[in-house]
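Student: Here are the chains, one letter per residue:
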Amino acid sequence: MDISWMDRIELFRYALAAALCASVVCPLIGVFLFVRRTSFYGITLPQFATAGVVFGFALLPWWVAHVGLGGLDLDTALSDSHAAMNYHFMWAGAFTFGGLITLVLLGRRGGSEIGRVAAAFAIANAATYLFGRVSPVGKSLVDELLQGEILGVGQHEFETLATVLGVVLVVVIFFHRDFLIASFDRDGARVLGQRVIVFEALLTTITGLTIAVGTMTLGPTLVFGLLVLPPLAARTYARSMMSFYFAASAIGVVSTLLGIVASFELDLPLGAAIVGVAGLMLVPGLVVSRFAQRA
Amino acid sequence: MAPLLVLRNASFGYSNRATIAGVDLTVDAGAFLGIVGENGSGKTTLLRGILGLLAPLAGTVERGTHAIGYVPQRESLDPLYPLRADEVVHMGAYGRLRGWRGLSRADRELARSCLARVGLAERATATFSSLSGGQRQRVLIARALMVNPELLVLDEPTSGVDRAAEVHILELLRALSREEKRAVLLVSHHLRLVRETVDEVLLVADGRVERGSASSMLHDELIERSGSAGSNPLTRA
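Protein chains in written order, with numbering that gives the first Met the number 0: chain H, 0 to 294; chain X, 0 to 236.
For reference, chain H alone in the conformation it holds in the complex (with noise of 0.2 Å):
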């Protein structure tokens, strides 16, 4: 049977309109992780949020049993993400944090940092696969969330990241400059008074939030994708931080629409599509500075 495109769009409006809420925001965090040299935490840190996720699932009986969920039994919460979507959205959470704490924590004992985060998403992505080993859903929702496929994104779910990241943004407008001059010259904000240690918590926790909730409702392809690939694709244009910001989130919405044409057309899972768009919008930059470098 031909779906129409309208039909398309009215019947996965929430996850077509989670992907744009998230093409928006997760590029600008991504520009921090990026001018921070840390986007390696925007690849290893949704793997924690997926090991949460997976975890949670894994522990679901025993929670239902003992702890309770709402009044929720076991098999309407294991079938039912969407009810127990609180509970997910608590274990990814704490894993997300949980890591990002402790890479930081490490981060201050100096060392190799590349080396730590490898380290930290070979742990991750293995634990990811052992918890849903002895998840009552198994290898299946391990497979669903790596893969990227979005389109289950229900209104409550989408409700949620789009509070979560409206709230991101918000503090990202709000206060770019002091986590831009607390990144870029962390003394100098120091003496011209900023509160340098307030203003990195605050990134840390959005950076988290961002992740955890992302990775919660579409998975931890799309949410690195979108973290890593467009400000590395806006650095070759941005001769500003303003532009920079600007241009990482442009590529975010153009890479989010034709990756849903992508999909639609060619029948590919929508994440990976948004992500394999995201990775070609590198190639104009990547020929821009060959022949920059040539001149």
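Rather than coming from a laboratory, the hints here were simulated on the basis of the structure.
Note that the structure is a prediction, hence the values are computed from the model and not measured.
All residues carry an ideal CB built from backbone N, CA and C; glycine is no exception.
There may be inaccurate statements among the hints.
What follows is a set of in silico ranges between Cβ atoms, one per label pair, in the way DEER data are often shown [as the list claims (entries may be wrong)]:
1. X:111 - H:169: 26 to 34 Å
2. X:209 - H:104: 54 to 62 Å
3. X:27 - H:172: 52 to 60 Å
4. X:62 - H:67: 21 to 29 Å
5. X:54 - H:121: 35 to 43 Å
6. H:108 - X:104: 42 to 50 Å
Sample of chain H residues with no beta-carbon within 12 Å of chain X, all distances over it, derived [stated by the list, open to error]:
7. 36
8. 67
9. 85
10. 143
11. 157
12. 188
13. 193
14. 200
15. 204
16. 237
17. 246
Keeping the supplied structure of chain H fixed, place chain X upon it in accordance with the hints.
Tutor: Leaving out everything else, chain X in the frame of chain H:
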């Protein structure tokens, strides 16, 4: 006129272990001081103590309400940021911005005049990372001037810049000290350059800080021993 900075028997260090101790120092308006010492002697520790980035382990540091302008080492700033020169200068105003408030017209005008003061008005929209070492240093001095500082603290301002840029930066600092009566505190390992530029020197060695005139503290033997090369381009000009 009250001094801008007073350190009384101050000790600074890390993990409760003093790197330098017993520092007594008074900095008055218009003073031009160089902080010198071997690598690892505690110059940066003293600088961080003066700036308030490091709390004293003992003694007191009085800064009053005097505005301090800080010029960090250029190499400490990551070129990955696509910042324009004027965006870097605008950061000097961030300390007084609150909430939604963006830069005012007066702040932007001040930034333009600070860039003009360091001779870079025409490079305002150039990306910071595309500027030469000397130009980037002058942008950072312009940023420090945004707070209208009575005390200007610079960490190795002429490190890694060419001779012409050295001349420009030192002439600028001398003018800020002598004409505008701003106190300038300059960290450098370039002893000959410091001797021929500043009025007084703080020599950091063996955990102590000794103050004296540049000519008496930095005698030829000390300079030869330290292996400090080069001469002051200002005196050759």
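Student: Hint by hint, which ones does this structure get wrong, listed from lowest number up?
Tutor: Result: hints 2, 3, 4, 7, 12, 13, 16, 17 break, sorted rising.
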